[in-house]
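**Student:** Quick note, the sequence shown lines up with residues 0 to 403 if you use numbering that gives the first Met the number 0.
Be aware that one or more of the hints could be misleading.
[Claimed, not checked] Straight-line distance between alpha carbons at most 27 angstroms, and here's what the computed DSS-like set of lysine-lysine pairs gives:
1. 152 to 38
2. 138 to 191
3. 155 to 144
4. 191 to 155
5. 255 to 195
6. 197 to 152
7. 38 to 18
8. 144 to 18
9. 18 to 89
10. 197 to 155
11. 156 to 144
12. 144 to 89
13. 255 to 372
14. 138 to 18
15. 138 to 195
16. 38 to 144
17. 138 to 156
18. 38 to 89
19. 191 to 18
20. 255 to 144
21. 38 to 14
22. 138 to 150
23. 195 to 156
24. 191 to 144
25. 156 to 197
26. 197 to 144
27. 138 to 152
28. 138 to 155
29. 155 to 14
Hints are computed from structural coordinates only; laboratory data are not their basis.
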Amino acid sequence: MNYEQLIQEVEKFIKRYFKTHHDDRYIYHNAAHTRDVVKAVTLLADHYQLNEEDRFTVITAAWFHDTGYLGADATNHEERSALIAADYLKGLSLASGVTRKVQDCILATRMPQHPETLLENILCDADLFHLGQDDFAPKSRLMRKEMETLKYKRIKKSDWRRMTIQLMENHQYHTEYAQLLLNTTKERNLEKLRSKQKEATVTVTPAMPNLLPQPGGVDDKTWKKICTEKPTKGVETMFRVTASNHQRLSDMADSKANIMISVNAILISLLLSLVLRRLDAHPQEGIPAICLLIVSVITMIFAILATRPNLPPGVFTREDVDYRRVNLLFFGNFYKMSLDDYSRGMVSMMNDRDFLYGSLIRDLYYQGVVLGKKYHLLRTCYNVFMFGLVGSVLAFILSAIIYA
Numbered sequence: 000m001n002y003e004q005l006i007q008e009v010e011k012f013i014k015r016y017f018k019t020h021h022d023d024r025y026i027y028h029n030a031a032h033t034r035d036v037v038k039a040v041t042l043l044a045d046h047y048q049l050n051e052e053d054r055f056t057v058i059t060a061a062w063f064h065d066t067g068y069l070g071a072d073a074t075n076h077e078e079r080s081a082l083i084a085a086d087y088l089k090g091l092s093l094a095s096g097v098t099r100k101v102q103d104c105i106l107a108t109r110m111p112q113h114p115e116t117l118l119e120n121i122l123c124d125a126d127l128f129h130l131g132q133d134d135f136a137p138k139s140r141l142m143r144k145e146m147e148t149l150k151y152k153r154i155k156k157s158d159w160r161r162m163t164i165q166l167m168e169n170h171q172y173h174t175e176y177a178q179l180l181l182n183t184t185k186e187r188n189l190e191k192l193r194s195k196q197k198e199a200t201v202t203v204t205p206a207m208p209n210l211l212p213q214p215g216g217v218d219d220k221t222w223k224k225i226c227t228e229k230p231t232k233g234v235e236t237m238f239r240v241t242a243s244n245h246q247r248l249s250d251m252a253d254s255k256a257n258i259m260i261s262v263n264a265i266l267i268s269l270l271l272s273l274v275l276r277r278l279d280a281h282p283q284e285g286i287p288a289i290c291l292l293i294v295s296v297i298t299m300i301f302a303i304l305a306t307r308p309n310l311p312p313g314v315f316t317r318e319d320v321d322y323r324r325v326n327l328l329f330f331g332n333f334y335k336m337s338l339d340d341y342s343r344g345m346v347s348m349m350n351d352r353d354f355l356y357g358s359l360i361r362d363l364y365y366q367g368v369v370l371g372k373k374y375h376l377l378r379t380c381y382n383v384f385m386f387g388l389v390g391s392v393l394a395f396i397l398s399a400i401i402y403a
């Protein structure tokens with residue numbers, strides 16, 4: 000039997016399965032995590048030089064081990080994964096007991112893990128491989144966000160850190176190769192968590208004032224509900240459409256200002272080159288020409304003011320992030336910061352839904368404020384040009400009549 004070809008067919012089936020059963024709630028237990036587990040299983044299987052049948056068994060179990068999440072909640076996902084695997088494998092001409100061993104490997108990943116065979120040990124170690132890797136922190140954050148989405152409530156950083164510390168203290172890798180490969184980094188990750196937990200315990204955090212405006216007189220309870228509930232597509236669409244409208248209006252204002260700058264630049268050039276140079280021959284055109292020149296200059300000033308950028312200092316402090324006083328969605332608040340400081344602030348914002356939604360609201364609000372100033376200057380610009388142009392034309396006509 001060509002087990003290597005069967006593994007390839009299993010891989011194709013799982014990739015299709017994740018596409019057809021995609022669930023946005025699972026941002027950690029998804030196709031990417033499954034690929035990581037398969038990669039780790041393959042590494043361990045090759046180290047222990049498993050025969051073809053055992054290698055097929057444990058790699059197949061790795062591909063199927065989290066399929067039970069899709070389309071359902073996390074409860075009893077191991078049993079559902081085992082059933083999905085059995086349903087697929089029954090169509091293959093496998094040796095007796097292989098399907099049962101695949102199911103046993105999947106069921107062994109149930110927490111707390113109690114694997115009995117080498118194949119079960121390998122899959123269990125691969126499933127928690129990230130505990131002993133350098134990318135442990137970002138993966139832990141993904142798991143926390145996934146848990147918040149599934150439970151429809153926010154999990155405090157301190158609570159999540161405490162649960163993770165407890166998990167890592169009670170966990171041990173089952174295979175000697177995984178212990179040799181991962182224990183050092185796992186212990187380092189654990190020490191980092193303990194250190195952060197200790198700092199959070201001894202540091203007295205000042206009470207954070209409610210810096211976020213509550214539009215329309217929304218009471219504290221309603222506002223808290225808005226910021227902690229699972230975001231809906233309607234809310235996300237509202238933010239996206241509003242930001243798009245603001246951007247379109249800003250582009251329109253800039254375009255109108257550019258038109259006024261171009262038109263008046265041409266008028267000034269014509270006045271200086273044609274009219275003012277011929278005042279000796281046509282002295283009656285002097286006052287109207289000067290009036291039109293002044294109108295054009297004032298119009299250009301207002302048009303330039305409408306498009307002139309205004310930049311903040313471009314620096315924020317850690318205190319600004321802690322007190323949610325900075326909008327990290329606007330480049331003017333961070334363009335002078337280092338990448339590490341900006342990344343730390345963004346991670347803090349993404350892990351705090353209240354901070355994130357507040358930043359989005361603040362960003363839309365200040366976009367509107369800037370648009371209001373821009374359109375106010377642009378309206379003044381057009382009024383000056385319109386009335387000034389009419390007045391200058393009347394002055395030309397009046398001077399011509401008087402001179403005649």
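**Student:** Which hints from the list above does the structure break, by number from lowest to highest?
**Tutor:** Hints 1, 5, 12, 19, 20, 29 not satisfied by this model.
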